[in-house]
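K.L.:
Chain residues, written in single-letter form:
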Amino acid sequence: QQQVKQSPQSLIVQKGGISIINCAYENTAFDYFPWYQQFPGKGPALLIAIRPDVSEKKEGRFTISFNKSAKQFSLHIMDSQPGDSATYFCAASNDSTDKLIFGTGTRLQVFP
Amino acid sequence: DGGITQSPKYLFRKEGQNVTLSCEQNLNHDAMYWYRQDPGQGLRLIYYSQIVNDFQKGDIAEGYSVSREKKESFPLTVTSAQKNPTAFYLCASIGTSASYNEQFFGPGTRLTVL
Numbered sequence: 035q036q037q038v039k040q041s042p043q044s045l046i047v048q049k050g051g052i053s054i055i056n057c058a059y060e061n062t063a064f065d066y067f068p069w070y071q072q073f074p075g076k077g078p079a080l081l082i083a084i085r086p087d088v089s090e091k092k093e094g095r096f097t098i099s100f101n102k103s104a105k106q107f108s109l110h111i112m113d114s115q116p117g118d119s120a121t122y123f124c125a126a127s128n129d130s131t132d133k134l135i136f137g138t139g140t141r142l143q144v145f146p
Numbered sequence: 002d003g004g005i006t007q008s009p010k011y012l013f014r015k016e017g018q019n020v021t022l023s024c025e026q027n028l029n030h031d032a033m034y035w036y037r038q039d040p041g042q043g044l045r046l047i048y049y050s051q052i053v054n055d056f057q058k059g060d061i062a063e064g065y066s067v068s069r070e071k072k073e074s075f076p077l078t079v080t081s082a083q084k085n086p087t088a089f090y091l092c093a094s095i096g097t098s099a100s101y102n103e104q105f106f107g108p109g110t111r112l113t114v115l
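Line order of the protein sequences matches chains Z and L.
Position 90 (the first sequence) corresponds to 124 in the working numbering; numbering is contiguous.
Position 34 (the second sequence) corresponds to 35 in the working numbering; numbering is contiguous.
The reader is advised that the hints may include incorrect statements.
[To be verified] Pulled a few chain L residues facing chain Z out of the computed Cβ check, cut under 7 Å:
| id | residue |
| --- | --- |
| 1 | 9 |
| 2 | 12 |
| 3 | 16 |
| 4 | 17 |
| 5 | 44 |
| 6 | 50 |
| 7 | 82 |
| 8 | 91 |
| 9 | 96 |
| 10 | 106 |
| 11 | 109 |
| 12 | 113 |
Hints were generated in silico from the structure; no laboratory data involved.
C-beta: ideal position from N, C-alpha, C; glycine also.
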């Protein structure tokens, strides 16, 4: 019930294309869903996050789509750029604990 | 410059030795966390502390120990009881941003057991 399942494990996209990464969860008590971006040898950094009271959140080229009934959420990267090449982690938490449960990560490679 | 610092960046240890990883934050955050990252396994929680002088075990605490004597410091000791300690270790802290709590990460320490 505490797992967050992330797919795909790796993704190769051409420059200008759309990158889509999916996550699914079981625990209906989760109410905070962030996405983190990590470059090699660095710590993860928060990219964008969503609460279950909205179905979509957009920040620049990055969009989270959230489907509460399906217990799924996804990250869309529009107009993908080589600089977006990194590992992306979805996560979920219940505010009352502040413990983030992370997905296993997706390694994105954007080729020019 | 506010943030989280971890030292050293790279650490080599012989089998059977204990080693301590440093984590310091000047963000005035109450809660701090230690994660272990292995290829293909995401981030797994080792220990966390929500207040000074108190900490709780995470999902993979065996072979690790922590202390929280000061708000800004949360060192992690990898003991000889940890059977497979080679990994990338990340420290994080939580602050409040807008309507949700954002977890900030340090740059990590890569530990290699020789």
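K.L.:
Next, verify each hint and record whether it holds.
P.N.:
Verification of the hints:
1. Given the 7 Å rule on beta carbons, the hint for residue 9 of chain L is violated: about 13 Å separates it from the nearest Cβ of chain Z.
2. A distance limit of 7 Å between C-beta atoms decides the matter here; for residue 12 of chain L the minimum to chain Z is near 14 Å, and the interface restraint is violated.
3. Interface hint status for residue 16 of chain L: violated, as the beta-carbon distance to the closest one in chain Z is roughly 25 Å, over 7 Å.
4. The criterion of a C-beta within 7 Å of any C-beta in chain Z is not met by residue 17 of chain L, whose closest approach is roughly 27 Å, and the hint is violated.
5. A hinted interface residue such as residue 44 of chain L counts as satisfied when its beta carbon comes closer than 7 Å to some beta carbon of chain Z; here the least separation is about 4 Å, so the hint holds.
6. Look at residue 50 of chain L: its Cβ only gets to about 11 Å from chain Z, farther than 7 Å, so that hint breaks.
7. For the restraint placing residue 82 of chain L at the interface with chain Z, the shortest Cβ-Cβ distance is roughly 24 Å, beyond the 7 Å limit, so the hint is violated.
8. Given the 7 Å rule on beta carbons, the hint for residue 91 of chain L holds: about 5 Å separates it from the nearest Cβ of chain Z.
9. Taken as an interface hint, residue 96 of chain L does not check out: its beta carbon lies about 11 Å from the nearest beta carbon of chain Z, beyond 7 Å.
10. Interface hint at residue 106 of chain L: satisfied, since its Cβ lies 3 Å from the closest Cβ of chain Z, which is below the 7 Å cut-off.
11. Contact between residue 109 of chain L and chain Z, as hinted, is supported at the beta carbon level, the nearest pair being about 5 Å apart and thus within 7 Å.
12. Given the 7 Å rule on beta carbons, the hint for residue 113 of chain L is violated: about 14 Å separates it from the nearest Cβ of chain Z.
Checked against the numbered hints listed earlier, the structure breaks hints 1, 2, 3, 4, 6, 7, 9 and 12; every other hint is satisfied.
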